[in-house]
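Visitor: Taken in order, these protein sequences are the chains called A and B.
So for the first sequence, the working numbering puts the first residue at 1; every next one is plus one.
So for the second sequence, the working numbering puts the first residue at 375; every next one is plus one.
There may be inaccurate statements among the hints.
As the list claims (entries may be wrong) - When the alpha-carbon atoms are kept at most 20 Å apart in a straight line, the in silico PhoX-like pairs for lysine-lysine are as follows:
| id | chain 1 | residue 1 | chain 2 | residue 2 |
| --- | --- | --- | --- | --- |
| 1 | A | Lys-130 | B | Lys-875 |
| 2 | A | Lys-337 | B | Lys-789 |
| 3 | B | Lys-649 | B | Lys-663 |
What the hints assert, rightly or not - Below, a sample of chain A positions facing chain B; criterion: calculated Cβ distance under 10 Å:
| id | residue |
| --- | --- |
| 4 | Pro-124 |
| 5 | Glu-251 |
| 6 | Ala-256 |
Hints listed in this document are in silico derivations from the structure and should not be mistaken for laboratory results.
All of these numbers come straight from a predicted model, not from anything done at the bench.
C-beta atoms are modelled at their ideal positions from N, C-alpha and C, and glycine is treated no differently.
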Amino acid sequence: MPRDQNLRDYIPGGILSLTEPSIQRPSAQSIEDIIAAASAELESIQDLAALDQWRVLYLGRRGALTMVLRGLASIEVSERKAVGALANQAKTTLEDRLKERVRQVNEESLKISENRDRLDVTLPGRPALKGSLHPTTQIVREICDAFVAMGFGVVEGPEVEWDHYNFEMLNIPKGHPARDMWNTLWVDYDDPEKEKAMLLRTHTSPMQARVMESREPPIRVVVPGKCYRYEATDATHEWHFYQVEGLAVGEGITFADLKGTLYEFARRMFGEERKIRFRCDYFPFVEPGVDMSIDCFACQGDGDGCRICRDSGWIEIMGAGMIHPRVLEGVGYDVEKYTGFAFGMGPERIAMLKYGIDDIRHFYANDLRFLRQF
Amino acid sequence: MKISLSWLKQYVDVDLPVSELSHRLTMAGIEVGEVEIIGGWTEVFVGHVTDVRPHPNADRLRLCVVNTGNEEMEVVCGAPNVAPDQNICLAKVGAKVYNTHTERYEILGPAKIRGVESQGMICSAVELGLGAENDGIIVLPDDAPVGASLDDYLGDVVLDLELTPNRLDCLSVLGVAYEVAAITGKEVVEPEASYHESGVPISEQVKISVADPDLCPRYTASLLQGVTIGPSPQWLQDLLIKGGLRPINNVVDVTNFVMLEYNQPLHSFDYDRIKDATVIVRRARLGEKLTTLDDIERTLCTDNLVIADANDAIGLGGVIGGANSEINENTINVLLESATFNGANNRETAQAMELRTEATLRFEKGLRAELAPIALRRATALIQEVAGGTIAPGIVDIVSEEGAEPAVVTLTSGKIRRMLGMDVGLKQTQETLTSLGFTWEVEGDAALKVTVPYWRNDVNIEEDLVEEVVRTIGYESVPTTMLSSPIPFQHPVPVMNLRDKVKDLLTSAGIQEVINYPLVTLQQLEQVRQLDTEALPIRVANPMSSDREYLRTTLRASILGTLAANQSHSIGPFRLFEAGRVFTPREDDLPDEKETVTGLLAGLRHEPSWLEDETHMDFYDAKGIVELVFERLSVNVTYQPAEDPTFYPGRCAVIETSDSVVGMVGEVHPVVMERLGLDSPQVAIFELYLEPILAALPESQRNFEALPRYPSATRDLALVMPADVSAGLVTRVITGHRGVHHAELFDIYVGENISEGSKSLAFHVYFQARDRTLTNEEVNKSLDGLLRTLDRELNVTLRV
Chain A
1 MPRDQNLRDY IPGGILSLTE PSIQRPSAQS IEDIIAAASA ELESIQDLAA
51 LDQWRVLYLG RRGALTMVLR GLASIEVSER KAVGALANQA KTTLEDRLKE
101 RVRQVNEESL KISENRDRLD VTLPGRPALK GSLHPTTQIV REICDAFVAM
151 GFGVVEGPEV EWDHYNFEML NIPKGHPARD MWNTLWVDYD DPEKEKAMLL
201 RTHTSPMQAR VMESREPPIR VVVPGKCYRY EATDATHEWH FYQVEGLAVG
251 EGITFADLKG TLYEFARRMF GEERKIRFRC DYFPFVEPGV DMSIDCFACQ
301 GDGDGCRICR DSGWIEIMGA GMIHPRVLEG VGYDVEKYTG FAFGMGPERI
351 AMLKYGIDDI RHFYANDLRF LRQF
Chain B
375 MKISLSWLKQ YVDVDLPVSE LSHRLTMAGI EVGEVEIIGG WTEVFVGHVT
425 DVRPHPNADR LRLCVVNTGN EEMEVVCGAP NVAPDQNICL AKVGAKVYNT
475 HTERYEILGP AKIRGVESQG MICSAVELGL GAENDGIIVL PDDAPVGASL
525 DDYLGDVVLD LELTPNRLDC LSVLGVAYEV AAITGKEVVE PEASYHESGV
575 PISEQVKISV ADPDLCPRYT ASLLQGVTIG PSPQWLQDLL IKGGLRPINN
625 VVDVTNFVML EYNQPLHSFD YDRIKDATVI VRRARLGEKL TTLDDIERTL
675 CTDNLVIADA NDAIGLGGVI GGANSEINEN TINVLLESAT FNGANNRETA
725 QAMELRTEAT LRFEKGLRAE LAPIALRRAT ALIQEVAGGT IAPGIVDIVS
775 EEGAEPAVVT LTSGKIRRML GMDVGLKQTQ ETLTSLGFTW EVEGDAALKV
825 TVPYWRNDVN IEEDLVEEVV RTIGYESVPT TMLSSPIPFQ HPVPVMNLRD
875 KVKDLLTSAG IQEVINYPLV TLQQLEQVRQ LDTEALPIRV ANPMSSDREY
925 LRTTLRASIL GTLAANQSHS IGPFRLFEAG RVFTPREDDL PDEKETVTGL
975 LAGLRHEPSW LEDETHMDFY DAKGIVELVF ERLSVNVTYQ PAEDPTFYPG
1025 RCAVIETSDS VVGMVGEVHP VVMERLGLDS PQVAIFELYL EPILAALPES
1075 QRNFEALPRY PSATRDLALV MPADVSAGLV TRVITGHRGV HHAELFDIYV
1125 GENISEGSKS LAFHVYFQAR DRTLTNEEVN KSLDGLLRTL DRELNVTLRV
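Isolated chain B, as found in the complex (with noise of 0.2 Å):
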């Protein structure tokens, strides 16, 4: 919202510096963004035309006398609607002027044109800033003080206000000036709206009535007859320009300046127009048609609200007009509405429309019912006065019963107490009240009967009053305490914290978070082999983009999108990984958000390096984090081996407790590297899956266990096996061994001396007693019977 400064000082006082008005403006809640300042032209002054001679060298110029009050000058003028007797702004040798050739401001300096001494410049609307268009010069109105500085007589200041959407009130310049008045001590001055009725009485002339008064609980009307459709004066379409809008006529311009200056909404009809002289306020019929004053014909239903004649709407109500009845240049009488809409309704239809007027810019947030004839009157007044004609006594003014009373809000001093934390005194929430336009009576000791005025739609409730008081007398008198009650227990949220000790842990084990866009595309789904056709993801209703349509179900492809997007400018390593959400539907219910944990390795094992080889992560690595966070969380898992449509057969194992799957590692398959373009020999995953973990985690998360206070015993095992059999199964099989401490397997080894199909691992395995040091033959015995069992279970026998 953009307001002019001299039309705000039209109706209050202005004495404060600009920056301080702003300042103080936005600590109330009335955020000034940018401040425009319009003038400082200096030596450009309001000069009158006195007689206006052909030049002696050219035909298109001309030598103008121009007064400027106490001197007379000669000026050349080019323009062609240079005239005797016109006020013009005349730029004198000094001045700040825009040079249309080089299209910058500049001082103007003396000139000789077409060897005739050119005194000064008689200026066009572009040269001074004030306008685009170049059609000659500013002719000003007749009563433009002679002699006057130009800066003083059309310089501004225009205020640009962020407007949060409850001040409806500061979409009009008599709320802001309220405002004004409010946080300087100033009073308003409203303007006059008292006009002389004459000829046959308004209520004999027009049949008006309501048939919805549930989306129309006022409709007021005046009607003026004999009026002369022509452009508005200068002064009107001047203002209604800073205000934003474009002048059209005379009588259309006064609705328009009316409802920048007061917030109401009006609009003109074209009486004749009128069907037998009747409107009826009504919910339009099903298919009904109108062609709105955008030359568009709109289908309307019956959530639309209509202004009728007897046969047909004329108008969409509180959005915009109807060609049928419109104001054009010869229209003689006009019958003039001013009336509240039903706000919810109003922005309903202006949404369906894809309307977004100026009228149900304020419609829409629910204007007070009072403010309609006071608008009504002062837009007859000033019709009559820029466009003639007579008006009609009285006016007509349809109340509903929800209509016209004023709100009236009762606030506490003990109310004032509770919410601050502070005590403000009944006389100076008494003055704070009366500085912004509310009235208030005094209920016993500590209370006040407070009515909103007219112009306030945002207060309702006493805490609405609070903040009224609270923010004019400015939010730094209130004082600054901590919070003294009890702080209260705060019950741990499990799910974050393991999702915090995951991150820490993959962190400090150099793998980089990444945060990924949750909405994605189901070929995105598809590349990595996870798209479900049959239960396809939840999708979003008005996606901004193909790109963001659904929500995702798997972490997989957005890390691979990060790898691919990093390959560009880097070859790795790559270690990445993401906590994040994904969302399956469910019946009648929000989707179920799974806590996950994806996370990535491709490219080089380690930075490149003048120490390092060049190898590359592969499965293994994967492996090594997540045994790493297993065992940090004290969970204990196994490894299956599994298909995953991701995953490249043989390489993909599925992580599991005794009860449930926590998590998958594997390496990509070749297909789904080929479909995403991805640049390395293998890239491997591995996926947590939070939920389960957690149902998974000890009570404690740890329980000392003493050192062991006798020595182990070492033995070497050189194993030989089937080639089938895993690694893994042989060392749980070792380790689960009566007198076994734990085991490493240190070498793997196929080749000579190795029967074909065969394998052979090798292990240090460790025995240990709690209460004493092992005997050779105990370990011996130990070791004989983990032998037999490893030949019986699983075929494995010692290499000779």
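So that you can see chain A by itself, here it is in the shape it has in the complex (with noise of 0.2 Å):
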């Protein structure tokens, strides 16, 4: 029904003489019919604003009800008081239902909004911007902090290196068969004395050096970074990787400290559940050397015919070992006074085994497809 049209237009005709206010003579039955006609009429209204019409009709200053309670001082004494309650309680009768009509008609409207409003809650939303760390810097930042959180610090290095920080600083002079460890990027650099060669970095190693030349013990560090191998690539090698390097030197620093930090690393990283284990391993910088190995994620150490741990079980994760004396006593320390652990591990290679990233290639390639999934 239109809000501006009159509400005489609709209002059923035996009521129409009502609506021409005048002060009657109140009986029994006149409020009686009153009720009748105004209930009936109240349960076809549909709006809230002819039922505020209605109020006005019935309840109003010039309404039925009360045009009846004005007309009552002319009838007789003996019927007034009967008449007044009757009246007073038509009143209260006819607000009573036009509270319980508001509120019908309120639940209707809101469940016809409801209806109107429902959308397809399965279309696809408005589509907001997507962007993620690299995982190769997601790793290298879980695994600096799990060492930071054990009290170390990060540092970075150059990635262009001289040979001496490179190697010769890490106990593997020139010609060391040792040095086949490492197959290396050299870089066009013309020396004039020939005596300095550049490489490309090959660990990130040669700041184990660099931090210690730079500052005295303690040392807790750990060296996040690029590193470069003259290497064909496949599906576990690249020629271009991260590694992350760590040192700890001091006063009465021990292997079974640098068991007792890898270790905790590894449970931080890999879990409570993961079983770790330390072997004897070859650096040329450390002595002893150390390979820690974690239980295969895919066969759970069974070992017999897994693809991922090539039948032993296990899986390298790093390579340690208690700091070579030679490199202490190059950058200066007293050996007798100090001693230390460095350890290193690549972060792609810990990357692969915890999402099953099956080839090292896909890290570089930067299809989106791929990097979108971490």
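If you follow the hints, you should be able to join the two separate chains into one complex; please do so.
Guide: As structure tokens, this is what we get:
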């Protein structure tokens, strides 16, 4: 019903006389009539504006019931009390019915708008912009955070290095057969003295010497960064990769501390239930040398026929060891006073294990379908 | 290094299961990779052929009577080399053998061949999986135990050792035997090396001198006369093959065998081809020529060590022999050399000649000089055993001063405790060292004077001994403790913090991080017009391929490459960034490594969606990102129009602080887009230079500014100005005006009602004071002043 339409136009005929406000002689019968008419009318009203008009019509200052009450004076005193009570009761009744109708109308109109405003919630949302850190960055941060929690700092070093720091200071002199462990990309560098060789660092270990040269123990640092090797790429080898190197030097640092620190790291990184194994290994800048492995995710350490751990049940995670005295001597430390341990690991390898990535070449191919998974 | 368990068992008793042995070796630092099992034939036995008769129905087949110890059976055989009195490998019904027709292992069944029943099969090497050559049946030695299971007689386990470069000793079977002995508590039995000498002493038959003892600390030799060159006995050939070497003749085979056994490379010369019976160990003369055993004529230099006779080089010391003194079938007298060469020099020569031989593999790591005479005696005895002849009395042994002294190292229990964080009892230390072949004397009450055995070249200092002890008793016996020393102060590394922060801002702004190779080509730099041919980038001297040759001087080429690669399978949006270093050469120093962040926006502004318009990202998207970053970093920057060959002129800005350039933002030049085959209406790039940004960072990142207590008043201004007045300049004048708190540009209009050559900008201008509510008059006064300033300075007027 249009709002501005006059109420009279739709009020049923029998009630029309009431719309002419006049003081009548009220009776029980006339009150009954008003209630009946008003109630019937109320049921047919569908919106709040019409309800308000109904209220004015019956309960307003010049409404039908008000008129009845005003007309009380015109009847005998003997009837006045009874009719008056009836009229007051009728007022309460109509007010209650109005309240109830208002509630109903509100409820119905809410139902209508709910129905009208319904969305297809299965439609896709307005796309938000998505961006994530490269998986290597994420893993490097995770690794560094684990060591930071154990009192280590994080430092970085140059990617282009001198042979001096990359090899010689790490007890790998020129002509040392162990140099074969690191196939090197050399930098075309014209040194007038022909003594210095420049290279792309093959590990972040050169920072061992650089950090120790620049400060006195105690030292606890990890060194993340890019490394380069002259190496053909395949599913498990990249010529360009990251490494996180670590170093702790001070008084009274032991092999037992090395085990404890790396054990704690592995627990944080791989979970409490992983088994950890330390075995003898060789790196020229440590003695004794250590290989740390965890039991294989894929076969749960079972080993038999497992492609991931090549039947061994164990996966190598990092190399480590007590820093070789020649390395400490090289930076001028008193080897009778200080000891230390060093370790190094490949974040890509760890990411591959954690996420089940089967080919290291995915990392730097930068296919967004790969990167967006992390 | 492949090691045969049956060979190993000749020197040490191995009673552990193979898996346990492999595990213990691996834990002690000798990693066992693959384990190959030879055998598993089950029903194959050593048989003796007692008779060979023709087959009644086939010319090429024969009927053989074979004795297997307790029975005789008749077997049909087609091999041409079968003969009576041979010991052979007989497969009975049920044996697992390789079928060359079906090319797989099968269980042998009963067979009737050309009408004659065969009760088994005489096997070839291929059929038993023992070799690739199929030239007849295997003929076993005469002493083969007839009736024995072939699995017992020929079966073997081969361990593939993945050796670290320090464990030279484990390139030899005896070296591994000592290792096995140490971890199993057994003893090693070294081979017999005694022989009978006769005739004229060696010293009277050959003159040997070492002219360059720095390159040859020890030279030993023996002389065998009247030998008969021929094939080696089967056992020797078998072991050589197991060791991965090819049998040649009995004398050469012995030298190779002893090398595999002891690690000492030896060389045999044909004594009669040595001029004047004179051997001189000397540096080569510049340009001296030598044709080596591989038939290549090599030109030598003075860094190479040669073994020479009176006139010419006859061998390249410790690398390869010369063809002119090679043993051949007519050789009668053999001069046997067992020498120690300088490792570094040997390695250099081998690398220069591209000749990594079995000998250099060992010499380059520095063999101990004590080994030379031990191996010489063993080989001399063995040559006589397999090739006959007599041995001239004595050996030649020329040792320089640093030559023959064994290494002696003191080990204290204090050192063990200090390094390991645990005590190892003196007795346990002694036992462990003894089991590894070390000898020791007690010094005081807590020290041992330890003598390193001749086969170990890797133990030289006390720490090495600590490792020997702890790896043998097992790393698992060391306790696990946490660092107890004080935590050092960690100096912050500002550039890392900044980089992390920028990366986090960019990813949260919906930009994906990528990481590219830092080696590029000059063409890639030229494609983005960043190649300065006057100052070429740093070059790798030994690039793996031409596309990875130069260190990048910009990240733009890489990230545009990433875009191109991804456009093949996606329509975007492409929102990428890379944080990496660019490299510029410096005089006499390492290059300058500048931390750079380059971002790229291209393609649709939103993921394709039913909700969004298909608009494309442009300059202003990139600038919005940059603004976000600098706002979060609290660095005040300005944007000035700039020219840069990568970018489209007029759509490029340089980002500056008051004293330096901190970045660039722009749209890529269409020429560059075309060169790279990029498929987008436009590609926007932003670049941030972290070092100058770092210098511009405020001391304290943020200072709290109290929230305004008094309301602001707003006026909307529609301004008209010449088209070339930049919005940045107008905004700066407005926001710099007294009484103005900030301003928002909300509309730009050119067209109807605006004269040609002009444009209109509309701003919401907010007036505010910190200490009171501004009155209308105050606002109007400030506004009037602002309009006068705009008019005066920039010819900007109110639009009417």
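Visitor: Have a go at the A:Ala-256 hint: is there a Cβ in chain B nearer than 10 Å to its own Cβ?
Guide: A:Ala-256 check passes; min Cβ-Cβ to chain B is 3 Å, inside 10 Å.
Visitor: Check whether the Cα positions of B:Lys-649 and B:Lys-663 lie no farther apart than 20 Å.
Guide: holds, 16 Å
Visitor: When the nearest CB of chain B is found for A:Glu-251, is that gap smaller than 10 Å?
Guide: A:Glu-251 check passes; min Cβ-Cβ to chain B is 6 Å, inside 10 Å.
Visitor: Checking hints one by one. Is A:Pro-124 an interface residue toward chain B, by the C-beta closer than 10 Å rule?
Guide: With a minimum Cβ separation of about 7 Å from chain B (threshold 10 Å), the hint on A:Pro-124 holds.
Visitor: Regarding the pair A:Lys-130 and B:Lys-875, is the alpha-carbon distance no greater than 20 Å?
Guide: Holds, at about 17 Å.
Visitor: Starting from A:Lys-337, check that the Cα of B:Lys-789 is at most 20 Å away, please.
Guide: With a Cα-Cα distance of about 12 Å, the restraint between A:Lys-337 and B:Lys-789 holds, given a limit of 20 Å.
Comparing the model with each earlier hint shows no violations; every hint is respected.
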